[in-house]
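**Q** Here's the letter readout for the chains.
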Amino acid sequence: MDYFFQQLINGLTLGSIYGLIAIGYTMVYGIIGMINFAHGDIFMVSAFLGLIAFLALVAIGVTAVPLALFLVLLIAMALTSLYGWTVEHFAYRPLRRSFRLAPLISAIGMSIVLQNYVQIAQGARVKPLPPLIPGGFTLVSSKTFPVELSNVQIIVVVTTVVLMGVFSWLVARTRLGRDMRACEQDLKMASLLGVNVDRTISYTFIIGAALAAVAGIMHLLYYGVIDFYIGFIAGVKAFTAAVLGGIGSLPGAMLGGLLIGLIETMWSAYFSVEYKDVAAFCILVIVLIFLPSGILGRPEIEKV
Amino acid sequence: MTDAAAEPILTVEHLSMRFGGLVAVDDLSFSARRGDITALIGPNGAGKTTVFNCITGFYKPSVGMIRLTHTNGAEFLLERLFDFRISKHARVARTFQNIRLFPGMTALENLMVAQHNPLMLASGLTFLGIFGIASFTQAERAAIDKARYWLDRIGLIERADDPAGSLPYGAQRRLEIARAMCADPVLLCLDEPAAGLNVRESGELNELLMFIRAEHGTSILLIEHDMSVVMEISDHIVVLDYGLKIADGKPAAVRDDPKVIAAYLGVHDEELDEAHAEAGL
Amino acid sequence: MSVLSEHSTGHRFDFLTALKRALLSALIAFGLFSLLIGIRTDTGPTGALVLTGRPALLAIIVGLVFAGALVRELILRDRGIALGRFVSPDLLARAQALGKFVGLALLGFAILVPIIFYHDRYLLDLGIMILTYVMLGWGLNIVVGLAGLLDLGYVAFYAVGAYSYALLAENFGFSFWICLPLAGILASFWGILLGFPVLRLRGDYLAIVTLAFGEMIRLVLINWQNLTHGPDGITGVPRPSFFGLPFNNDDGGFAHTFGLEWSPLHRIVFLYYLILVLALVTNLVTIRLRRLPIGRAWEALREDEIACRSLGINTTNTKLTAFAMGAMFAGFAGSFFATRQGFISPESFTFTESALVLAIVVLGGMGSQIGVAVAAAVMLGGFEFFREFAQFRMLVFGLAMVAIMIWRPRGLVATRTPSIFLNREKDINAELVRRARTKTWSWRRAQHD
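Protein chains in written order, with the working numbering: chain A, 1 to 304; chain B, 305 to 585; chain C, 586 to 1034.
These aren't lab readings, by the way, just hints derived from the structure by calculation. A couple of the hints might just be wrong.
To be verified - Across the chosen pairs, the derived CB separations fall in these ranges:
| no. | chain 1 | residue 1 | chain 2 | residue 2 | range |
| --- | --- | --- | --- | --- | --- |
| 1 | C | Lys-1011 | B | Thr-441 | 20 to 26 Å |
| 2 | A | Gly-194 | B | Lys-554 | 30 to 36 Å |
| 3 | C | Trp-762 | B | Glu-519 | 55 to 61 Å |
| 4 | C | Leu-608 | A | Arg-181 | 34 to 40 Å |
Predicted model only: the values in this text are computed from it and were never measured. Every residue gets a Cβ at the ideal spot worked out from N, C-alpha and C, and that includes glycine.
Just chain A, same shape as in the assembly (with noise of 0.2 Å):
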């Protein structure tokens, strides 16, 4: 029992990541429906932007830990949303208009790009980083498995429920979270009815981009090891997070990516860990088969 509650909370530590970067997922598909296959690869920038000004940071004096983390943030958040922005700006803009396989492959080849341009600029290797939150609370002591909750994992749930609220509250009440609710309804009417959809869009990456900037911290945090190639699974599994919950809905991707969390988790801790991987894509298989509009998704009618 106490073997379940640990890998309960270590599910749903990993299940908040996922569903940070989810939600940019969610995002982008319900405002242009594409799929952004680049997003991933914006995660691990972030991670890789995060190690970076955290070193650079120490280097340079800043050795207080909160506060360095506290740039950290900042930083990575502003240069990842930089990152969103050029990618949409560059690949999918100008391809608005072309046929929708067209924004698909040059976000395939934005995600090539990416994880290479990672590669080439820091090497290949596997990038660590110490531990930088000790500590934390064991909440059942027990000779055979004590339950743990780390520091670490309290800060990313915290932060992550902090975001949530932040942003629902954006998405809710803000000029721009309604410009954005009214794109993914409907992208023509609200151009014709003054909304400057190209801004909107830009914005709807910056977010996106943003969150995903978390996200990285997070994993960087958490895992305390990053490499090029974490973008890409994270990217699958947090899509199907998305879809899980429901493909343009926002408390659905983050519902959908605590539920990975913790099937991950689960799968890892009680069958066997190489093939946790494959249980995300069966996942995301089964759930398109047979739930193809999410759990709190809006089914949808093809008009004929």
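Dock chains B and C against chain A, hints included.
**A** The following block gives chains B and C in isolation, referenced to the frame of chain A:
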């Protein structure tokens, strides 16, 4: 055999279609006689295309039964047949409100695709076709002849090898009808075939539909807004409003039915009169 | 005011805005590259990361971006050159009219390559690799180009073919000529199996699921060590024989039987012609199928699936057939790959392979046989050419994919040839042809009349 022929070709009984909380079609019943041109009319949002989609297998009705009877007595419950089976087995063909041709394929190819099923059989599910077996070549030639016949009928022989997407609008509409006919249907369902056609083209459409009915004995069910088409060629009209049937009968009767007039033109608003009187207007 | 001074005033004004825009681009570049290029992380002696600054490199790159942006603003804006229209449409149309001749010429060249370059083993190997990808491209063309189904996991069938061959040969000792058809059948069976549950998915979703399948196959290959030997792969895959005569120096061998002096080139040349024949079979079957009802149904499916259903076409079976055919040819190609290399491992079957073949099909013009062949030659030739810049190859490949989509999304061959004519032969401009479609935003609302 005569019994089956006297049966209405299409019987719709207590058809209802609900989308979540919205009732698009409410307890609709009507029948279409064999060899008739039956029109389904009503204001926008009345549920006409929904009925169509139920009949042609694109929606599954929430409640109701749709029965199609062939002259040989074969019966089909259309609410249970979906997808391609309605065209293949029950032999119901349709056209679409927003023309769905294959734009990158030529007019001829469009008509050939419609004859897919007999050609597939003749090609031995492709296996024989690979080797150019004679029976397939013959079947293909017959199919081309049929296509040529229809292209001739709709005046597109010269443009047989032009991509369907490049044809003028009226030609595209006619091609879509011809394509549906190449699938050899007993019931032809047309969704607003006269939309966007001018007076002359509508007249040509009328001729085409009358020809189809006369020469091929195909029963026709059509949705239409253009009254010149509806009144001119229909034998039987069913009127819908807000998902309910409000009239059902011959064109003359329907045209003078006050409920139909009210549905299209609106009812005089007594409250508005009172308000005007009070305000002294 | 004279025209001259108007022009020069306008020029100066343009220069300021151009300068501003170029500066903005440089600033963005600086933001993007500052950390990742400006600083390098390496594993230091203790295992921890060590930072090295690369300010010079950063400055150069930002400078290049600035210069490039400035050039673009000034020159191109001034003259209004659209980069994609370097070649006039007339020229393209004439080039395409020669399409058939080009095809025959290429075929003739391909047949003669081993004769012309007999002693250049490197070129022969390159030719074999290009032809393998041409075959894969033609196979995927059936799925993506003709039927319009986005398949991002094509490499899975390639892998099934290769591993089937290797395992059948290892465990049952079958010869190449038996294993080849078996591998194709297994692959197409796998295609049906994988296709069946997912074929009612639309565009993007189908792409992601096929991608997932491709990855799953790779992961299973790595982890199911009992069957597949895991990441070590399978070695000692039997080499092909000349219809029973082995290509060795023995008395019963090919060289001795035909009275030739033994040379390792014999096997290479045989492999070359083998893949050429396999590819040509793929091509001929595709062309033939296109004229049959199934092929026409594939293309109609791509154009408008709903209309197909309304005409009585069983779209599920049609899609499955396309999937199975594509998978079969990938299986054959996989078999060939295994026997050519003599060794296979899961590393050869990554997503990048799927992406590469997809890029070949899209660049080739989706549906055009010649386009795919030329695209394969260009892409792989390019890859080989830049072999020294190993790391940058993939980066350039990714950029090329993006660039091609922006500048020439229709691919090299921008026309479609109808499969049947009534009066006279005419090609159809690609603008009218519906490519593999994904869902659009307007379908998301619940629609009812």
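**Q** Could you tell me whether the CB distance from Gly-194/A to Lys-554/B stays inside 30 to 36 Å?
**A** 50 Å, violated
**Q** Holds or violated: 34 to 40 Å for the Cβ distance of Leu-608/C and Arg-181/A?
**A** With Cβ atoms ~35 Å apart, the hint holds.
**Q** Evaluate the given range 20 to 26 Å for the C-beta pair formed by Lys-1011/C and Thr-441/B.
**A** Holds: the Cβ-Cβ distance is about 23 Å, inside 20 to 26 Å.
**Q** Given a hint of 55 to 61 Å, does the C-beta separation of Trp-762/C and Glu-519/B actually sit inside it?
**A** 57 Å, holds
Checked against the numbered hints given earlier, this structure breaks only hint 2.
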